[in-house]
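Novice: Take a look at the letters that make up each chain.
Number of protein chains: 2
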Amino acid sequence: MQVARKLSWTLPDWMFEEFELGLPRATAEQRMALAIQLARRNIETGGGPFGAVIFEVGTGRVIGPGVNLVVSQGCSLLHAEMVAIAFAQATLGTFSLASGKYELVTSSEPCVQCLGALFWSGVERLTCGAPVADAERVGFDEGPRAPDWKEQLSARGISVEAPLLVSEARAVLDEYARRGGVVYNGRTTWTATPAT
Amino acid sequence: MQVARKLSWTLPDWMFEEFELGLPRATAEQRMALAIQLARRNIETGGGPFGAVIFEVGTGRVIGPGVNLVVSQGCSLLHAEMVAIAFAQATLGTFSLASGKYELVTSSEPCVQCLGALFWSGVERLTCGAPVADAERVGFDEGPRAPDWKEQLSARGISVEAPLLVSEARAVLDEYARRGGVVYNGRTTWTATPAT
Numbered sequence: 001m002q003v004a005r006k007l008s009w010t011l012p013d014w015m016f017e018e019f020e021l022g023l024p025r026a027t028a029e030q031r032m033a034l035a036i037q038l039a040r041r042n043i044e045t046g047g048g049p050f051g052a053v054i055f056e057v058g059t060g061r062v063i064g065p066g067v068n069l070v071v072s073q074g075c076s077l078l079h080a081e082m083v084a085i086a087f088a089q090a091t092l093g094t095f096s097l098a099s100g101k102y103e104l105v106t107s108s109e110p111c112v113q114c115l116g117a118l119f120w121s122g123v124e125r126l127t128c129g130a131p132v133a134d135a136e137r138v139g140f141d142e143g144p145r146a147p148d149w150k151e152q153l154s155a156r157g158i159s160v161e162a163p164l165l166v167s168e169a170r171a172v173l174d175e176y177a178r179r180g181g182v183v184y185n186g187r188t189t190w191t192a193t194p195a196t
Numbered sequence: 001m002q003v004a005r006k007l008s009w010t011l012p013d014w015m016f017e018e019f020e021l022g023l024p025r026a027t028a029e030q031r032m033a034l035a036i037q038l039a040r041r042n043i044e045t046g047g048g049p050f051g052a053v054i055f056e057v058g059t060g061r062v063i064g065p066g067v068n069l070v071v072s073q074g075c076s077l078l079h080a081e082m083v084a085i086a087f088a089q090a091t092l093g094t095f096s097l098a099s100g101k102y103e104l105v106t107s108s109e110p111c112v113q114c115l116g117a118l119f120w121s122g123v124e125r126l127t128c129g130a131p132v133a134d135a136e137r138v139g140f141d142e143g144p145r146a147p148d149w150k151e152q153l154s155a156r157g158i159s160v161e162a163p164l165l166v167s168e169a170r171a172v173l174d175e176y177a178r179r180g181g182v183v184y185n186g187r188t189t190w191t192a193t194p195a196t
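Protein chains in written order, with the numbering used here: chain L, 1 to 196; chain W, 1 to 196.
This is chain L alone, in the form it adopts within the complex:
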């Protein structure tokens, strides 16, 4: 067996064909709506029920769009927020989004991995849709997070805004469970739990 020396990740074509990514989103609600729409579209292709976007704060331009690509691209790193960050940095050609004014908008509160990634990325603002309890209700385990993570981000200069479009974001998680979507935790894989 040969150890892999190179790997490549590709955003789905439908992202570019269906979502007018070149169009700025002026309001916070429009930005969250895009993240949720990406999440919803992703489950139609068999992907995980999460979407996230890095926007330029002042203009609302999309710098890095993301959806969960864990299963389709065979890598547990590829949560929506991770994809958004990696592609935003590829778009800008830098490892640090602190070089400008950027924000992460995500359809669900970040898990421990994505919380860590956004901390390192240089974004200055985080806005979430569904709270972590909704992802957990469906069956995801968001991991060993610090209970005071919002305060810890804030202490490092990253603001956490009030949740937006929570019921729309929650509806995507519920739809994923209704379809019997896979919960692709690295250690075990099972079917999502529909709301009772």
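Honestly, the hints are just simulated from the structure, not real lab data.
All of these numbers come straight from a predicted model, not from anything done at the bench.
Just so it is clear, CB atoms sit at the ideal spot from N, CA and C, and this is done for glycine as well.
All clues given are correct.
Simulated coverage check for chain L against chain W, where a stretch passes if three residues somewhere in it have a Cβ under 8 Å from a Cβ of chain W:
id: 1; region: 8-17
id: 2; region: 106-113
In silico EDC-like pairs for lysine to aspartate or glutamate, Cα to Cα no more than 16 Å straight-line:
id: 3; chain 1: W; residue 1: Lys101; chain 2: W; residue 2: Glu124
id: 4; chain 1: L; residue 1: Lys6; chain 2: W; residue 2: Asp13
id: 5; chain 1: W; residue 1: Lys6; chain 2: L; residue 2: Asp13
Using the hints, position chain W against chain L.
Specialist: Just chain W now, kept in the frame of chain L:
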């Protein structure tokens, strides 16, 4: 500005040319020694002072080698542990290392991002070299980690072994600081702090 649609990451050639990665490492010390050697070699090329390897537990075969590639490849995700996990999964063609028996051996205790990534990856065991205090002393901020992260990993079936080769691992961090290496936190960039 066009949003990036594809990105690729490549392991450094020197990893394959200088480290006999096809050779199994039978003992825990040999495995940690490789992670530390990779970290040391990486700083000679201007990379961050961290190395990590995914091994097959039973055989000691290298499945995914990693070093910090944040600056050279322009992506804040590319901590050594993240690279090791992503390339191990690429080697095996699966998003879940729980399909076999794999361990992560890292030259320094994981930051919050890497802690999250290993939780999702499916590895069953973690062994660290230098404690987080050493990385922090040099100037790295390991982020909003849960204080009981070891217990939280253990509760999820991932064992955290006793630290190994701590002084060898620490020496790489000190060497990085001595050279005036960059601390590439996404939000700010500054020069590492040499030991006093």
